[in-house]
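UniProt numbering puts the first residue of the sequence shown at 1, with every later residue one more than the last.
Derived by calculation from the structure, the hints in this document are not laboratory data. One or more hints might be untrue.
[Unchecked claim] Simulated crosslink set (DSSO-like; lysine-lysine; CA at most 27 Å straight-line):
1) K290 x K452
2) K58 x K48
3) K409 x K386
4) K461 x K410
5) K452 x K263
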Amino acid sequence: MDLYDELPNSELLYLPEFTLILEASAQNNVTVMEFLMLNPNDLSRVLKRSINEVVKFKQILIRELEQQNEEKDKPVLLTELSKPVSFTTGDVEIDNLLGGGIYTHGITEIFGESSTGKSQFLMLLSLSVQLPLSLGGLNGKSVYITTEGDLPTERLKEIITSRPEFSNNNVSQSNIFTVGCNDLMTQEHIIKVQLPVLLEQNKDINLLIIDSISHHMRVELQSSSFKESHANRHYINELAEHLLFLAKKYSVAIVVANQVSDKILLTSTDSFSHEISDYDYQMGWIVGWKDSSIVYRQKLSESNVNNKNNLEDSAILSDDDDYMLVEREINKAMEINGIRVKQEFINNDKKSSKASNNNKEGLQNVEEGISKSFNAPKNNKIVKRKVDTHTPNLGLSWANHVSTRILLKKSYKASLLVTRGEAHLYKGNDPSAFWQVKRIMKIVFSTYTTNKELAYTISEKGIEYM
């Protein structure tokens, strides 16, 4: 029986007289809902227990459910609730982006693809919350739940030692409660059973971190049928509501990392138009896509197969200026270096006593070597920026409970070697020399600020504005 899920504090779980009926319910897969809906005679026959025992159990179950619902529906005056407060991220510009920092009494989600710095940001927050009030902290402790390995203690040590405001104010790893969970069942037990006890016993905990919230769910929650998808949405809703309950009851900030999946472009030849009320129409704004990607997808769904090629060449998607700049500079470098190397080859060949019959073959080898070295395309076609496809996991059911959604993006832009026009001076054969990493932090939506973004970098200090 799923009594523990529906009524975790039920006295029925601990009364010896109901041990056998609970075991019989588990063996026959009788749920709490079925126990309430079936009449006592049917339950007695299925469970092979006396009708008096069934009636008594059912009466207590109904009474406890009514008490639980009354407690949940009890109105709470706003004056009885402590107001949300914020703490610093350790960077003034990032604090301004977030409208003051990370806020308590709600869920902040940080999502992005791999290697964008989600865990780096979370580790920084687990330390910055310990700062005194005068420096923007809460003088509190944190709980760090990991789902993909152990907490990197050496990295935390590096961040502490590289920031004087941390090392001079007793910021320490000893103020971080950490636990790992390697499956969904363990994660659920930690969040629903162990965590409330820990928060009750340690009133100075102000931050709960889960890294990441969707790691086990996307693997273990199957959705091959409508029934399973519906059950998954219910599970996610229940989890989010429980986290919000803890956030408000104990005045903690809940910050979670979330992984991403891809929303592929339509390939159907049938055109159709989304209604404004459709989730697919609204999704782009909820997940942080560029406006051009949103419009492109909407136009693509309305186009037939004959118009899709024209749509790709339209002005909806902006030109990828960095890519085309790199292409032009590499082609220019190939031309400059090609002429120089060809001349050196010819001059050396003229000095040789051998016949010059091998000139043609030698020059071809030189050209191929230069081309491979720079790894450059040989056409000057206009290249458009890619259409956004990444969406955070857990869908709308989860997003409805999030107060602030932060997107971390990593892309590439032309390096200084290219922008200065010095590509021809490069003597190596590594194409990455022509690119440099570009990281963007974007507020997708928030209760406390507007949609903004800034450039950031990952350093020994953690996450920093750049």
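For each hint, the structure was consulted:
This hinted pair checks out: K290 and K452 have alpha carbons roughly 12 Å apart, not beyond 27 Å. Restraint check for K58 and K48: the C-alpha separation of about 15 Å stays at or below 27 Å, so the hint holds. Between the alpha carbons of K409 and K386 the distance comes to roughly 13 Å, so the proposed pair stays at or under 27 Å and holds. The suggested pairing of K461 with K410 holds, with an alpha-carbon distance near 19 Å, which does not exceed 27 Å.
Restraint check for K452 and K263: satisfied, since their Cα atoms lie roughly 23 Å apart, inside the 27 Å limit.
Checked against the numbered hints listed earlier, the structure breaks none of them; every hint is satisfied.
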